[in-house]
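Chain B: place on chain A using the hints.
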Amino acid sequence: MLKYFEPNKIFSVTSKAPKYVLLLFIIVLSIGLTEALILSPEDYKQSHSVRIMYVHVPAAWISLGIFSSITFLSIIGYIFKIKNFFLISKSLAPSGLVFNIIALVTGSIWGKPTWGTWWAWDARITSMLILVLFYVMYLIAWRIYENNDKVFKITSIITFLGIINVPIIKYSVEWWNTLHQPASINILSKSSIHISMLFPLLIMTAAFALFSLLIFLMKYNTELIKIKNKGLDRL
Amino acid sequence: MINELLLMNGYGAYVWSAFAFTIFSFVTLYVIIKVQYIKEKNKFITKFGTLNSERAAFAKSHSINKEILSNTSSI
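Those protein sequences? They're chains A and B, same order as listed. Residues in the first sequence are numbered consecutively from 1, following this note's numbering. Residues in the second sequence are numbered consecutively from 236, following this note's numbering.
Quick caveat, the hints were computed from the structure, so don't treat them as lab data. Among the hints, erroneous ones may be present.
To be verified - Sample of chain A residues facing chain B (criterion: CB under 10 angstroms; computed from the structure): (1) Ile-38; (2) Phe-211; (3) Leu-213; (4) Leu-214; (5) Leu-224.
Unchecked claim - Pairwise CB distance ranges, derived in the manner of DEER restraints: (6) A:Phe-72 <-> B:Ala-292: 21 to 27 angstroms; (7) A:Trp-115 <-> B:Thr-263: 24 to 30 angstroms; (8) B:Val-270 <-> A:Met-137: 46 to 52 angstroms.
Every residue gets a Cβ at the ideal spot worked out from N, C-alpha and C, and that includes glycine.
Chain A with its partners taken away, still in its complex shape (with noise of 0.2 angstroms):
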């Protein structure tokens, strides 16, 4: 199963899909932001301000999905020597790094409305800042390693170390006494948020999520594209 992974096989299909990819990003977005712009209601308390949700918790779903993502692949890739796991994983990493920064940018936007500050040390905004250290700090590893075997090893410690942050994430609004409000959307209980609401919100994600499919295959065919350059360097 896992010659399927082989760059090989694979670069037949992410060369050709990022244009496929763009225009269903562009067409799920579009309807996304009129849905969330324009046709969804406003909120009770929040008012228009809610809006914001709709790139807010998408973003910071997303970045906590990639980084998940990461730390999976770079650990099995660790295990079974597997060099095209890590290739994945640093390609995921950029859009995952955007979509931190914009979860805290646009969170930092809607506290002000709503909270009356811009920023609170937190324990939810401050373990997603802390989150941004650890891609920071996953991106600057593979720029300094970057031709060097220690490479997996190191990223493979930072991913692990920063997976830690994950549930603390996800659980720092139940632990903590908190300003930010707890979850909305529950796989496994009832959600407290209205479909006229989370209809929005679930087409945004769909947009977001193909915006990062696209960066990733964009970042994956320019990688495999560096390591066929060393190869002809070595011809």
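Okay, now just chain B, sitting in the frame of chain A:
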């Protein structure tokens, strides 16, 4: 209608700036990654052009190399 959409009961500046920041981040990341991609691809094509016919034929026997050369306008 337009005024209501822009002002959003006084929350317009917050809502629009959050969405604008998100779109700006998307465009910036896309452009950075695309520039990196084009740079690497051009480097590959230039290097490939300097190979002699024997080495070029050998390099072309690898499917990825063939894909890279054939997909010059992808993305």
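> Do the numbers back the hint for A:Leu-213, that is, is its least Cβ distance to chain B under 10 angstroms?
Replying inline: 12 angstroms, violated
>> Is 46 to 52 angstroms respected by the C-beta to C-beta distance linking B:Val-270 and A:Met-137?
In response: Between B:Val-270 and A:Met-137, where Cβ atoms are some 24 angstroms apart, the hint is violated.
> Is it true that A:Trp-115 and B:Thr-263 lie within 24 to 30 angstroms of each other by Cβ?
Replying inline: 28 angstroms, holds
> Could one say that the CB atoms of A:Phe-72 and B:Ala-292 fall in the range 21 to 27 angstroms?
Replying inline: 41 angstroms, violated
> Minimum Cβ distance from A:Ile-38 to chain B below 10 angstroms?
Replying inline: 7 angstroms, holds
> Holds or violated: is the Cβ of A:Leu-214 closer than 10 angstroms to a Cβ in chain B?
Replying inline: Since chain B brings a Cβ to about 8 angstroms from A:Leu-214, closer than 10 angstroms, the hint holds.
>> Checking hints one by one. Is A:Phe-211 an interface residue toward chain B, by the C-beta closer than 10 angstroms rule?
In response: 6 angstroms, holds
> Taking 10 angstroms as the limit, does the beta-carbon of A:Leu-224 come near enough to a beta-carbon in chain B?
Replying inline: Where the cut-off is 10 angstroms and the nearest Cβ of chain B is about 6 angstroms from A:Leu-224, the hint holds.
Checked against the numbered hints listed earlier, the structure breaks hints 3, 6 and 8; every other hint is satisfied.
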